[in-house]
Amino acid sequence: MSILRRASQIARGAKSDAPADPLLAALQAALDPDRVKIDDAHRSLLGKDASVFEGGNAGPICYPSTTAEVAEIVTIAAQFDRAVVPRGAGTGLAGGAIPLGAPVVVAVTKMNRILEIDEANGVAWVEPGVVNLDLTRHLTPLGYHFAPDPSSQQVCTIGGNVANNSGGPHCLAYGVTNAHILAIEVVTPAGDIVMLGGIDPEPSGYDLRGVFVGSEGTLGIATKVAVKLTKNRPAVRTLLLSFSSVRDAANTVSGVIAAGIVPAAMEVMDQAITQAVENYVGAGYPRDAAAVLLAEVDGPADGIDIDANRIREIGLANHATEVRLATDDAERTLLWKGRKTAFGAVAQIAPNYYLHDTVVPRSQLADVLDKIYAIADAHDLLIMNVFHAGDGNLHPLIVFDGREDGVLDRVHAAGAEIIEASLAAGGVLSGEHGIGVEKQGYMELLFSEIDLDHQNRLRRAFDPVCRANPGKVLPSGHSCADIQQLRSVPAGLWG
Amino acid sequence: MTARLYSTDPVLDAFADDVGSDDPIAIVGGQTRWETGGELAAGTRTIAAPIGIVDYIPEEMIVTVRAGTTVAELHAELESKGQWTALPERGGTVGGAIAVGENDFRRPARGDIRSAVLQVRYISSDGQIVTGGGPTVKNVSGFDVPRLVTGSLGTLGCIAEVLLRTNPIPSRRQWFESTDVDPFALHELLLAPGPILWDGATTRVMLHGHEVDVDADAARINVLGSFAEIEAPPAPSGHRWSLPPADLRSLPSNGMGTFVAEIGVGIVHAEHPQPSRPLSPAVQLIHERMKAEFDPTGRLNPGRQVGAH
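Going line by line, the protein sequences match chains A and B. With the first letter of the first sequence counted as 1, position 355 gets the number 354 in numbering that gives the first Met the number 0; the numbers rise by one all the way through. With the first letter of the second sequence counted as 1, position 132 gets the number 131 in numbering that gives the first Met the number 0; the numbers rise by one all the way through.
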């Protein structure tokens, strides 16, 4: 939290827009004045993302439309010794896009063209501002889709997916974003335009493409992305299994993996979230089940019937009270609608929520969930669980009313205990949301000082002067981590 | 330099002591790709990495293995539980395979080596034990050190131990051969074919999955040509070319000679080497900084250059 405090200290400084600001003048000359925003409304809006964190402080906000413009912005920022923060749709949940220290914000949302569909090479070239679901909708008639499908896929961008190495329910079988990106054109923190990776299978050199994916905007700005085309599956089977305990559902998930089946998706929802979803969209989930498991297999019809039947048997062996196979596309869509609108459904219960993201070994799911419910009780909070069970990716959802006195302290205390319980079970800090500012303080629980030093070295190889999205990922004490180490912001500007 | 910090594993500690922090050093594995990246500088001390499978959890589909273990030994152990990894089987070690970063020719059935390394422990240039990545199948906690190390030819650290993703072995695998099929049409027809190898005349394809699915695919491909069941072919040998998959339609490329191409992937095993693919100056700069950050004294695998060919 200390970084946010520091950021808000900066934010309390003098605040006046200085029209004669030479940085602003240079940016406006490079783009044009109406694509460089400095008004309070813009700076307030882009000072936040979808996380609970406050205290962001945007400098000039630029809306480039070409790679050359991005390079020019970064070069100008370097001339004025100012940091740059890339930004897509701002749906991140770990504060990765929150601008700290009044940086130049590079919003890529106007770079939203699908440039080329290259079926012969199995790739599509897209700009970073293309919305995830728009890409899949564009590819579907051709027989393809983009496999990562985060819950925010209706609004989140490919550039943001690259920055966070985003996942989604269907990444169990197909892998997260890194497995679906072949090449990335990047503007480096020095303003150079480079191509990382390539559309050939083994590009020469260090795997800088692989390193860039998931680096949360700290290694440069992606301006063009080659995404892998995934063939649409000819057949899909979607099962809904109900259980009288969360443990039975979790054990079913472990049993399926142990049986050598890798379904396309395995999602678990506990009773609290199931009931919320039912009240919201009426997806047909059983209200009395302690947990439901949504399992999906896809591929050739004959083989997936075998897998679906095996999942059913494993569920029944783990005391499933009901196993339902979606009989048509409409029922399947409805079952998924319930899962995909889970977070929207929560809004009926309380005005605020804090969505956590940790990963534990699949065999530990049931034990860790027990601990999470105990943590909820101890802090007098409601915690709902809806998660990517197949890869052990938990998403405890703390639901609260922020107007209640002292509730935020309890929310943060419970969150810390959830993270500690996940790590104690052999887990990691984040499965798909990233570290951002949210979990910097926890990195030392997972990594040694030497491990973190090496991550910092990796970062410095791209960005020796900490130009790109400083104050993120690595904990304080490492270069680029401490916002007060940024060059000072000129008095009176962007305070 | 800072004093070395000891781990809880005496085998890793002994390896770190062996690597030391002063003299030029290289790790020797099976030497199946020893010439990759150029010649080792004269006078370099060579040592072997530690061996042994540390922990195999089939139901989590992960295995922790020390770098000096042979891929053959690892895969023999995994096969007893119906699993394998993406690591290539060609007589080498786990650490060597990861340092080189080349995929097995059966990659379409086995997965990509760069996605298989979930966690890596290596000895740094100054003799410290460093851990990158994490033990879960999904993880975005910090920078992706395992991907940096994979394919880095041991120039950034001495790989000691890795935690790998394993995959279930399909219940049925069957190779087929044809001399009258268009291999590209074959690749387009099948949903998720195994490897398709083509030498300009003969096409060999592995179908994999459930028995019923393999049978169905075997029937489908007959519309494209006549196929015969064959034993699994040996791994293709020769110089490795990496090309955009569509470029394989115009093989052989200039100067390639005889070849075996991995259709849909883009790797070609050819009689003659691929012309050099130099890095752009800006990418070269990042490479040089990376090497300087991880190995400031240049003692790790001296003479070897990543991306120089």
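These are computed hints drawn from the structure, not numbers from a lab. In this text, all values refer to a predicted model and were calculated from it rather than measured experimentally. We put the CB at the ideal spot given by N, CA and C, even for glycine. Where hints are given, some of them may not hold.
Label pairs and their computed distance ranges (CB to CB) [claimed, not checked]: (1) B:297 <-> A:112: 43 to 49 angstroms; (2) B:47 <-> A:448: 24 to 30 angstroms; (3) A:476 <-> B:72: 37 to 43 angstroms; (4) B:257 <-> A:449: 45 to 51 angstroms; (5) A:301 <-> B:179: 42 to 48 angstroms; (6) A:301 <-> B:291: 28 to 34 angstroms; (7) B:54 <-> A:373: 26 to 32 angstroms; (8) B:288 <-> A:448: 20 to 26 angstroms; (9) B:179 <-> A:300: 24 to 30 angstroms; (10) A:31 <-> B:249: 16 to 22 angstroms.
**Request:** Output the numbers, in ascending order, of every earlier hint that fails for this structure.
**Result:** Checked against the structure, the hints that fail are numbers 5, 6 and 10, while the rest are satisfied.
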